[in-house]
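Residue numbers (our numbering), protein chains in the order written: chain Y, -10 to 261; chain W, 2 to 121.
Please keep in mind that the hints were generated in silico from the structure rather than gathered at the bench.
Cβ coordinates follow ideal geometry from the N, Cα and C atoms, glycine included.
Be aware that one or more of the hints could be misleading.
As the list claims (entries may be wrong) - Computed footprint of chain Y on chain W; a stretch qualifies when at least three of its residues, placed anywhere within it, have a C-beta under 8 Å from a C-beta of chain Y:
#: 1; stretch: 40 to 51
#: 2; stretch: 60 to 69
As the list claims (entries may be wrong) - With a Cα cut of at most 25 Å, we get these calculated SDA-like pairs of lysine to any residue:
#: 3; chain 1: W; residue 1: K44; chain 2: W; residue 2: S16
#: 4; chain 1: Y; residue 1: K138; chain 2: W; residue 2: V82
#: 5; chain 1: Y; residue 1: K12; chain 2: W; residue 2: H25
#: 6; chain 1: W; residue 1: K67; chain 2: Y; residue 2: S224
#: 7; chain 1: Y; residue 1: K12; chain 2: W; residue 2: Y66
#: 8; chain 1: W; residue 1: K67; chain 2: Y; residue 2: D63
#: 9; chain 1: Y; residue 1: K223; chain 2: Y; residue 2: I196
#: 10; chain 1: W; residue 1: K67; chain 2: Y; residue 2: K104
#: 11; chain 1: Y; residue 1: K12; chain 2: W; residue 2: V82
#: 12; chain 1: Y; residue 1: K138; chain 2: Y; residue 2: M178
#: 13; chain 1: W; residue 1: K44; chain 2: W; residue 2: V82
#: 14; chain 1: W; residue 1: K67; chain 2: Y; residue 2: E206
#: 15; chain 1: Y; residue 1: K12; chain 2: Y; residue 2: K223
#: 16; chain 1: Y; residue 1: K77; chain 2: Y; residue 2: Q191
#: 17; chain 1: W; residue 1: K67; chain 2: Y; residue 2: L198
#: 18; chain 1: W; residue 1: K67; chain 2: Y; residue 2: C238
#: 19; chain 1: Y; residue 1: K12; chain 2: Y; residue 2: K104
#: 20; chain 1: Y; residue 1: K80; chain 2: Y; residue 2: D99
#: 21; chain 1: Y; residue 1: K70; chain 2: Y; residue 2: I57
#: 22; chain 1: Y; residue 1: K12; chain 2: W; residue 2: K44
Unchecked claim - Selected chain W positions facing chain Y (in silico; Cβ < 10 Å):
#: 23; residue: L28
#: 24; residue: D31
#: 25; residue: R32
#: 26; residue: T73
#: 27; residue: P80
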Amino acid sequence: MSLKNGTNNSKSTGQIIVVTSGKGGVGKTTTTASIGAALALKGKRVLVADADIGLRNLDVILGLENRIVFNLVDVAKKVCKPQQALIKSKKSNNLFLLPASQTDEKDVVDEAEVKAALDQFRREFNFILVDSPAGIEQGFKNACAAADKALVVTTPEIPAIRDADRVIGLLTARSVEPLLLINRLDQNMVRRGDMLSVEDVQDILGIELIGVIERDENVIVSANCGEPVVYNPKSKAGMAFNRIAGRLCGESIPIPDLGADSIWGKIGRLWA
Amino acid sequence: MFNGLRNFFSNKAASKSIARSRLHFVLVQDRTGLTNEEMASFKSEMCSVIEKYFVIDKQGFDIEYKRETEMTTLVINSPIVVRRQEGQKHSAGSKHKHKQNQNNKAQTEESSDPQPVVAG
Ligand SMILES: Nc1ncnc2c1ncn2[C@@H]1O[C@H](COP(=O)(O)OP(=O)(O)OP(=O)(O)O)[C@@H](O)[C@H]1O
Ligand SMILES: [Mg+2]
């Protein structure tokens, strides 16, 4: 099988995508779990890796918290075989989790160790999604170490966009291609001119947009149940994550127009 | 809609416009790594350099630090009133004001952390 967007390692096939944001709490873990599950639904072999060492959460979002034996740090330190640390999802035979360690400090591993640990999974998986911790320190650097691409998650708010801008600069310097994912958009607020629109955010950050997720209660319901929101085919967030997965597979799926600037928003913009 | 009307009649700009201009301000600082004062003196020095060769409209002079997909550009927007005639010193433009908008683009490579920009 040959995949688009090959990696720097010629023997490998899978691509590594880090999900990062700078600011905390904007939806990195939700995004990693949802897009991972969506890609698996499309028949891809997917590994989701939790690089938030010391504050792991991807396991609970996927409902796999009671099956953890080994973790990313164990793989990086060669305490176990790579395969031994993987946990298969209950819902899909194509989706696997590599959990983070909950007891270690973020800097017990370095970039080279994490890169080596993740690179060895490229042969077996089409996609490896890495959930990054918030911030731009060692944990972030480790999460990016092996990445070919990055999903930069932001909400349409000043602090999140500012931090995303910072992260985009750092990613570009590392030759990791950044793609923009806007989360928790509220169409009504955009229409009445009280929230930055997709257009605004894209214009400010100046990188390619991969998709937009609306604020959706189903995200919280799914998190409560430990089942990614993409398994709820009627939820807006679930559908949007599925579309992003399609785009990552190279399908050309248009991004729906979510509360484009109203006339009032435009007038407001003229006045600013 | 109602909120739109309310904002319209109360003459209150929609809050997203405030967000936009505040973001613009912080991002220029973040991206260039220059303080307010440094930015101001960079602007006025750039202005004087251009004024050595052109008569410009200082009101319209603006510096933007913009990221596009391929590279980051420093856009120096300087409306030129007229090209300075030979021998002409600092007197204002001629009678025929040919207003041209000239974009002098200085391109900088994106580097790891925001760094002071070198205009090329
Ligand atoms: N589209 C959405 N609609 C509603 N709630 C959302 C949405 N996306 C995320 N949330 C909620 O926001 C909270 C933070 O999400 P999440 O844990 O994915 O963020 P994070 O970026 O991983 O945070 P951290 O930086 O702490 O790791 C969660 O409670 C999640 O359920
Ligand atoms: Mg998280």
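Checked hints:
1. 40 to 51: Result for this restraint: violated, n = 0.
2. 60 to 69: Contact hint for the stretch 60 to 69 of chain W vs chain Y: holds, 3 residues under 8 Å.
3. K44(W) - S16(W): With a Cα-Cα distance of about 29 Å, the restraint between K44(W) and S16(W) is violated, given a limit of 25 Å.
4. K138(Y) - V82(W): Measuring from Cα to Cα gives roughly 46 Å; hence the hint is violated.
5. K12(Y) - H25(W): holds (18 Å)
6. K67(W) - S224(Y): Cα-Cα ~36 Å, so violated.
7. K12(Y) - Y66(W): holds (22 Å)
8. K67(W) - D63(Y): Violated, at about 43 Å.
9. K223(Y) - I196(Y): Outside the cut-off at roughly 30 Å; violated.
10. K67(W) - K104(Y): violated (32 Å)
11. K12(Y) - V82(W): violated (45 Å)
12. K138(Y) - M178(Y): violated (31 Å)
13. K44(W) - V82(W): holds (18 Å)
14. K67(W) - E206(Y): violated (36 Å)
15. K12(Y) - K223(Y): violated (29 Å)
16. K77(Y) - Q191(Y): violated (36 Å)
17. K67(W) - L198(Y): At roughly 17 Å apart (the allowed maximum being 25 Å), L198(Y) and K67(W) satisfy the hint.
18. K67(W) - C238(Y): It is violated: about 30 Å lies between the C-alpha atoms, which goes past 25 Å.
19. K12(Y) - K104(Y): holds (23 Å)
20. K80(Y) - D99(Y): Not satisfied, since the Cα-Cα distance of roughly 33 Å exceeds 25 Å.
21. K70(Y) - I57(Y): Roughly 14 Å between the alpha carbons, so the hint for K70(Y) and I57(Y) holds.
22. K12(Y) - K44(W): Not OK: K12(Y) and K44(W) at ~31 Å, beyond 25 Å, violated.
23. L28: holds (6 Å)
24. D31: For D31(W), the interface hint holds, since the closest Cβ of chain Y sits about 6 Å away, which is under 10 Å.
25. R32: holds (7 Å)
26. T73: holds (8 Å)
27. P80: At about 20 Å, which exceeds the 10 Å cut-off, the nearest Cβ of chain Y leaves the hint on P80(W) violated.
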